[in-house]
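Please arrange chain U on chain A, whose structure you already have, making use of the hints.
Protein chains in written order, with our numbering: chain A, 964 to 1184; chain U, 156 to 1004.
All clues stand as given, with none of them false.
Okay, derived cross-link-like pairs now, SDA-like style, lysine to any residue, Cα gap no bigger than 20 Å in a straight line: (1) Lys-1076(A) <-> Ser-1092(A); (2) Lys-760(U) <-> Leu-173(U); (3) Lys-933(U) <-> Leu-1033(A); (4) Lys-252(U) <-> Asp-631(U); (5) Lys-593(U) <-> Leu-680(U); (6) Lys-931(U) <-> Glu-1063(A); (7) Lys-926(U) <-> Arg-1017(A); (8) Lys-926(U) <-> Leu-1016(A); (9) Lys-933(U) <-> Glu-1040(A); (10) Lys-931(U) <-> Tyr-1072(A); (11) Lys-1054(A) <-> Lys-931(U); (12) Lys-1076(A) <-> Leu-835(U); (13) Lys-1001(U) <-> Glu-1037(A); (14) Lys-511(U) <-> Thr-222(U); (15) Lys-941(U) <-> Phe-851(U); (16) Lys-1054(A) <-> Glu-921(U); (17) Lys-926(U) <-> Glu-1121(A); (18) Lys-933(U) <-> Tyr-1072(A); (19) Lys-941(U) <-> Tyr-1059(A); (20) Lys-933(U) <-> Pro-1071(A); (21) Lys-931(U) <-> Ala-1032(A); (22) Lys-1149(A) <-> Glu-1121(A); (23) Lys-356(U) <-> Asp-646(U); (24) Lys-1054(A) <-> Asp-1133(A); (25) Lys-1054(A) <-> Gln-920(U); (26) Lys-983(A) <-> Thr-1003(A); (27) Lys-926(U) <-> Ala-1032(A); (28) Lys-1045(A) <-> Lys-931(U); (29) Lys-756(U) <-> Ile-806(U); (30) Lys-1001(U) <-> Arg-1017(A); (31) Lys-926(U) <-> Arg-1043(A); (32) Lys-1054(A) <-> Ile-1002(U); (33) Lys-421(U) <-> Ile-434(U).
Rather than coming from a laboratory, the hints here were simulated on the basis of the structure.
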Amino acid sequence: MMIQIAEARISYGDSPAILKDVNLTVNKNDWITILGVSGTGKTSLLNIIGGLLRPTAGEVEVEGRNLQALTREEMQEYRRNKIGFVYQDFKLFDQYTVLENVMLPQLPYDSHKKLEKQAIQLLEQVGLSHRLSHLPAELSGGEKQRVAIARALIGCPEILLCDEPTGNLDNESTKTVMRILQELHKGGLTILLITHDNSLASYGNRIVTTGDGTIVELDGE
Amino acid sequence: MKQLLKGNLRYFKRTNSLFIAAFVLIFSVTPIALYSIANLSHSIHADIVQHSRGSYDLLVRPPEAITTLEEEIGMVPENYIGGGQGGISLNQWKSIKNNIHTEIAAPIASLGYFTGLNTTLGVLPSPKVPSVYEVEYVTSDGVNEYTTDTYRQIFMHSAERGLPLVTQVEMLSYIHPLHALFPLPITYNLLVGIDPEEEEKLTGIDFASIQFGKEAEGIIRKNTAGHEKLKDAQIVPVLQLRDDTISLEAKVSSGELAYSPQEIQKLVEEHGLDEQQLIDFENPGTRKLFERLLRSPVTNEFSHDLSLLGYLQPFNAEAKGLVVMEDGEVEDMDTYSDTTSYASSVNWNSSTKYYKAGPVPYKRTSDGLQVTQVGTEHGVPIYRSLEEKGTTITSDDQTADSLSILTDPVGYYETGKTKERLAASPLGIYQLEPVTYKETDGVMKTLTPTYTPGSFVTAPAEGVTNIESSRLVKGDTPIDAIRVKVADITDYTPSAAQKIEDVANEIRGMGLHVDVIAGSSLQTLDVDVEGLGVVQESWTSLGASGKIVNQWNATTLVLAIMFAIVAFLFLMNRIRLWSGERQQSVQLLKLLGWTSKDIRKLYMKEMNRLLMIVVAVSSVFIITFIYANEVSFRLAVYQVLIVVVLVLLIIGFTCGQVQRLLHNPENTKKGRKVTRSRSLVVRNILYYRKSITATFIQLIIVSSLASFVYLSLNESVMQTNATVLGKYVNAEIGNWNKLLLAATYIMAFITLLENMSRMLQERSQELESLKQIGWKFKDIQRTFLKELSIWTGTSVVCGSVLSGLLFATFYPITGTNALFLLLTSVALFSLIIAQCYILVNYRIRKIMP
Chain A
964 MMIQIAEARI SYGDSPAILK DVNLTVNKND WITILGVSGT GKTSLLNIIG GLLRPTAGEV
1024 EVEGRNLQAL TREEMQEYRR NKIGFVYQDF KLFDQYTVLE NVMLPQLPYD SHKKLEKQAI
1084 QLLEQVGLSH RLSHLPAELS GGEKQRVAIA RALIGCPEIL LCDEPTGNLD NESTKTVMRI
1144 LQELHKGGLT ILLITHDNSL ASYGNRIVTT GDGTIVELDG E
Chain U
156 MKQLLKGNLR YFKRTNSLFI AAFVLIFSVT PIALYSIANL SHSIHADIVQ HSRGSYDLLV
216 RPPEAITTLE EEIGMVPENY IGGGQGGISL NQWKSIKNNI HTEIAAPIAS LGYFTGLNTT
276 LGVLPSPKVP SVYEVEYVTS DGVNEYTTDT YRQIFMHSAE RGLPLVTQVE MLSYIHPLHA
336 LFPLPITYNL LVGIDPEEEE KLTGIDFASI QFGKEAEGII RKNTAGHEKL KDAQIVPVLQ
396 LRDDTISLEA KVSSGELAYS PQEIQKLVEE HGLDEQQLID FENPGTRKLF ERLLRSPVTN
456 EFSHDLSLLG YLQPFNAEAK GLVVMEDGEV EDMDTYSDTT SYASSVNWNS STKYYKAGPV
516 PYKRTSDGLQ VTQVGTEHGV PIYRSLEEKG TTITSDDQTA DSLSILTDPV GYYETGKTKE
576 RLAASPLGIY QLEPVTYKET DGVMKTLTPT YTPGSFVTAP AEGVTNIESS RLVKGDTPID
636 AIRVKVADIT DYTPSAAQKI EDVANEIRGM GLHVDVIAGS SLQTLDVDVE GLGVVQESWT
696 SLGASGKIVN QWNATTLVLA IMFAIVAFLF LMNRIRLWSG ERQQSVQLLK LLGWTSKDIR
756 KLYMKEMNRL LMIVVAVSSV FIITFIYANE VSFRLAVYQV LIVVVLVLLI IGFTCGQVQR
816 LLHNPENTKK GRKVTRSRSL VVRNILYYRK SITATFIQLI IVSSLASFVY LSLNESVMQT
876 NATVLGKYVN AEIGNWNKLL LAATYIMAFI TLLENMSRML QERSQELESL KQIGWKFKDI
936 QRTFLKELSI WTGTSVVCGS VLSGLLFATF YPITGTNALF LLLTSVALFS LIIAQCYILV
996 NYRIRKIMP
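Same shape as in the complex, but just chain U:
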């Protein structure tokens, strides 16, 4: 027996070498593949556990606050806070806060757009001769500029001779006989109600100065005590966001009138005006004179275009006035006025007037999201409905409760710098993702909120007050949302996710809407904003981590199935080839009277010898791979497992094949039926269908997987890349999936090559006959290639259609995907035809050198 075994190994030296090489490939690639899949899952799982929990877990909102759009796309707009209508009572909040599973329950109530202290802009040099001064305020949304207010005053005399001429009521508090002073614009800023204690737990920011009952006193509270009109007004303490600046530009200009004081006096008299009438800004004569002087020629003109970005802060708690120096520089008025008689007036006339804003009305169209302009305010487009509340203190339209709320800036709070976040916390309110706009030249611009209310871009909470004060503004159910952090969990593990879900369900039982924010991530959406163009806005994709995990689980499963199919076909094919080569010997031994048991024993021994060599070589390969790539020794463990499984599988298959040869010897001609077709090529294909079928099916599988797997991998990356968390996870996954894909393609290609080669070998007799009857080389070649291209082409088409159907089941078919599918099919077919060409030529050359 030993001698026969040696003889077999020697005789089949060439084919045995191929067998060993092929099996070393599968014994090495399979553990690496398994390791890749495990690594892929591990990497995704670790990233999700570590990074997908934000600063809180649950976002609780009243059910009526949820828009259809949110439900449809499963996302929360980040600027939702701009239009809160309330809906949750303080009692409901307290109930959630007192739940033993709640670590933090931070309420939030969007109160609307409020203003703070209004101060002065002084313009130097002060007038020495009759002069005209003008200040124009401009705000910007980052793309367009809008002029909101223009103030003018005319100094008719040289110094010490009366007040300047004005025609605007807003100017009355600012006129000064010696200096050109103007009001700074009244800016409207988002005010949000919070609970200082819970908010501090959530953010680490100290909000003690607005603690209900222990509020700090601001300028307004100190100065309005006993004020007749404000005796019933509720003072709302406001902490303003430090370092948040207002988008503001000022265009300052001045010129000396070409009249002497005497000539002006003459003009005054011509208009029939006395001194008293001159200070009556509504007097028609005064206005007429003002217009006349404004049109008059001027000399010694100067003008400055100034960006006041960074100078003026929301609510202006420090009551800071500004001065435009002669050289165009801007200085704090306090600094300047220390040495002069210059002074800023502090005005809180508008602190009782505010705007309630609705949400941005997003519309979903076939092109994406769209927002239309709803009107203008001070010449600035507005994108949400605005409701004016209260009146100014000096207004003539006052009603009983129009002065009921009075904001009192008491200080500042700071949030630090915005950081890239993997997990999203919508309504974080302090650090909003920038909204960007891409210009035609490709330059990205960051959009800014205008200082008027109703801007598309929502500013962060520019001011915060306590939640109790919110009740004064919004009634008994002022809370728009509660951010809940669940107690006693650290990472976002499956058990943590379950606990979060349990708490969510408990709150849902209170009739509130709950979104699980843990595991969500930011996603950028294109929004077509009327008057602006297409902008990129961050939305919170709810359940992003779940989607990422599911997406990658599905993709990994597809990869694993594909690898298993290809590896199985590879294995089966190899054993089939091995047994095919021994078919004649088995029959002969049987004829010589060997028992089936002995024949089986002989060939199983031969297989065992071959497997021993395979295991040894592949082990060396794996160990080298581990050292060369600094891979974990887990790979070696995988290899041991794979070796056990594959050896058992191979022995089982081999046993089955030998048994089949013994009892049902393969007859290649058996079962071949001639189909009567007009085309000889088609007849050939149908006649050899038994030999072709295995390769045909394999080709269908390979061609369907070739495009499907790549496309689904690509789609997985694209879909998960939509969120920040997904991008991070994808970056961490690295090249493991590509390695697996490459290994699979190599195995599939080798299997195809072997099968094609075997099929042509089977037909070598036919090739010989064609040669004998005088066919030319190129005619034999053409006939075979025609035949091969017909059935390989058919299988590639079938595979591609299957791939398309599979892909369409899981993902949306786009033009790019369809094109890729087509190109992959063409490329694969070309590759196969090239392979056929080489093989056919090789076979023909063997008989026709």
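Isolated chain A, as found in the complex:
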């Protein structure tokens, strides 16, 4: 058991809870596709796993560690080393090169040389070894997302949280990104992926839908 969410509740201020009594167990090397209409708490669900949001009630455990019990420092370390984030809008730093963007998460914490070697390997893995010194502005949307994936992997995370990674991409780029994610999954990575595209659900082994404040797991078929 990799992640255990028990009776989690998420609400913002006085508004009705966006998620209530959520229970979810994620096993190692699971690929869970999260489907649901806007505003049903998909991103909130990823954020409580990623430690960006604390549930109003309930508990979230990752590899047996209660996330609520972590200090700020421990939480930052957890995010840096256990989790990789991939967003729809890439969240790349326009002023840095592709290589620097990939190195960035670990830059203050590891040797420059080692990181550079690691980042080059990751960029080779996502097929961007020829774009090392390019700036994000010089890349296509698909390429940007591949840089974002490489950046998410620099800390060698065990869990990859993807919030609509293909939302801004064309079909071709979507396929490329999904193929990369597939390979990473084969390599043992646990993936939680939010999408509006039902066709992408076939890449995962489990499907979860959100709505009415709850989550429901669908059968594999």
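Relative to chain A, chain U alone:
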């Protein structure tokens, strides 16, 4: 539209409140600043008009009298009068006097050092048995003492048996068989030629008794008529300065010889001397006996160290003799001699001998002014060249004209007490500023002129005579200077200054040198005098009021420019922030199909509402300020003017900003270029340079002004404080400039704070991303602070260098100034970093609670 307006005002409640607060500040501070500047100028102008005209306006001198030093430093030494060589004729003076624009033309001719009547110092008790008497005279310059004359006499017998034994020619007129009498020292005093009528107009002092042709008769004129040797001598009437005393001390001692009269008689015989030889002071035997008796043991000794300061006056017109009583008290001889046979002899033997003195030879060195000793006179150091003129009446060296001048003290004149003067009148001759000396323990001593000629310290005119008599001493061009007061002006206004300048030019046309004294003031200079040390002497700084006005005009201009720059940046910044907040709304309204005119109308209305609140609140503030500080209602008038100007300016700026948003919406990312630099921090700075530039420039301006304005204010005060007038003006200015400076700093600081805050807000997305990828709080903080410190540091350094260059252009750079510049930069940088630290922490805490 009304509803939308309300919605806008409600939605931007927080930022609108900040906007109102900021604009209330500028609407209140600007009129106060303007009022301060006006007050500053008014205060300086009023002080100058009221106080910068002295007792006369122009100092006219022959061109050859002007030293290189005077030309170099633009100052006139106050003791110039001590060495006048003449150069202006009586005809030239009369021509200036008769000019219709001349109210007073008072000539002055320094004649040299003269003496008056020499009288007696009696020492009691009178000898009863053979005794030795000694009197030693000491003069002082305030720091050192110098023994000038020592007189001795030996009474060999008991009473009624002959004259005492002496060996000095000066003693011959004073020997008496019964009493120990000595000559008082011959003192030399500065004699100055004046025109009694013009001088009276200038000073209000009555000099009628020396009026040419109507001179009063003194002791000498009365007693020398028919004197064979003096039949061709010109008698110069002298009025002496009352209450001016001579620096004189006497050390009086006596002892009874351990010989009986018989034993002394035996000694006389042993020396082979008869009675006639005993009174021959040059006889070798007499001198030998005198020395022998002087070395003999004495009993019943007494001695007194007496200060005769206050007893003896220059020229001694009253022929006053002094007596040292048995208890050491000093009494006038007239008082004492009323009841005894005691009498003072009055001697004018030296009245025909005088000294012409040159000016004090000031030298300018890298350390300041220096004066070297040129020799000694009677054992006293002298600091100017002396030329002995004439001879004593009894001298053997007489020539045809050596007895041509004879001073005749005829009375006294009085000047009253010396007053602190804001405006200087060099060659005032009656009231000189004291020359002071600071001892190692910090005690200030006032230097005094010695009674010998050639002293460094110039005494005031201790005696005056008429200008016609000056011709007898100095020839056809005896006048050293003419003090001119221009007619028909009262205060020192610009038109008065112009008139004074016109008259000056007219006199310059006569080939004479003219200094405009109106508007000058006294300034203390350090002078290193050989044998004395560093003394403080008053010099007249010509054109001091002009310098003060110019200095303060420049400083006020700098203050005003600085305030205008900072206020303008403050205003622009505020409007930029205001329009930035509305950027999205403007774009949306445009997308919804609103016309540009309607969009503009909506936002201009919003701005007008805000301005109405600002004007109302700031008016209340100003009125309260007026009542609380009892300030003139002129401030309210300034506020009305400022409100009109600022409202127009703000409406114009706002219109421009809305127009810009409509046609060229601000895109913060547009125009950003990535510069390939190895350092990520430098890359960040260059990438965000568009956001940074405004703050960067502002910081340069603030940091350059922060030190420059303070330094120039300080320098202005220091430079103008050099003169008495400047000190007064600076004291009157008070705190107006500081108020202005404080207001400017506050505005500059708020602008910086707002800009920094906005810049960090723009980068909140970046902060969020760093958080998401797992950066620690302190690493985000460190990266941002590093980045901020690099470019803020660079701008502070640029500002400080600019400040240094600006300052060096106008003022001399000293070690203190350079240190202040450095410290200000460090302090400002620390303040900025502290501000950045707070802002960065605040921003990070917002995303990482």
